[in-house]
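If you want the building blocks of each chain, they are given just below.
There are 2 protein chains.
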Amino acid sequence: MQRVSAKMDDAGYLTAIGAVVRARRLKQGLSQEALADLSGIDRSHMGRIERGERNVTFLNIVRIANALDCRPSHLLRLAGA
Amino acid sequence: MQRVSAKMDDAGYLTAIGAVVRARRLKQGLSQEALADLSGIDRSHMGRIERGERNVTFLNIVRIANALDCRPSHLLRLAGA
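Going down the list, the sequences are from chains A and B.
Those letters in the first sequence? Residues 0 to 80, per numbering that gives the first Met the number 0, in order.
Those letters in the second sequence? Residues 0 to 80, per numbering that gives the first Met the number 0, in order.
Some hints here could point you the wrong way.
Unchecked claim - Straight-line C-alpha distance at most 25 Å; calculated DMTMM-like pairs for lysine to aspartate or glutamate: (1) Lys6/B with Asp36/A; (2) Lys26/B with Asp68/B; (3) Lys26/B with Asp36/A; (4) Lys6/B with Glu32/B; (5) Lys6/A with Asp68/A; (6) Lys6/A with Glu32/B; (7) Lys6/A with Asp41/B; (8) Lys26/B with Asp36/B; (9) Lys6/B with Glu52/A; (10) Lys6/B with Asp68/A; (11) Lys26/A with Asp36/A; (12) Lys26/B with Asp41/B; (13) Lys6/B with Glu52/B; (14) Lys6/A with Asp36/B; (15) Lys6/A with Asp9/B.
Derived from the structure by calculation, the hints contain no laboratory data.
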C-alpha cells in the first residue's frame, strides 16, 4: 500500500496549508484578524494555523475556505494535498 | 462575504467525509480495523470519524487518503467540500 513517490511530512503539510491560507487572505486584502473573525476562529489560533504550528481541523478548513470564498478541497489542492 | 447558496452545517460535513472514507474503504475491500492500522489511527477513533462523530484533523485526512491511495483534496471534493 506504500506509494513510491516522495510525500511531504506532517510539518510540510501544515506549513503548506498555512501558507496557502495566508497567500489567499493577502490576495483578498484581509488582515489575519479579519480572517479570524470572519471564520469564527480565535485570532491567536489563526496565527498558529497560518504558521503551520497547529493541525487544523476539517471544520476549521471549511470555515476558512468559506471566509476566503473558495472550496475547502481547493485549499488542500493548492497545498499539494 | 456571505454566500447565498445553501451550505452544509458542521454535522453534515463530518457525516459526509465519514461516509466518503467508509465508501472508499469498502470499495478497496478493507476492514475498518485495517484502514485504522494502515493510517496509524486508533481503531475506535477511526470508527468515530467514519460515523461523523469527530472533527477529523488535516493530518488524519492526509493519513487516511494515503492509506486509501488517493489525494486528501479528492476525499474532500467527494464529500462536497
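Does the structure break any of the earlier hints, and which numbers would those be?
Violated hints (numbers, rising): 3, 4, 5, 9 and 15; every other hint is consistent with the structure.
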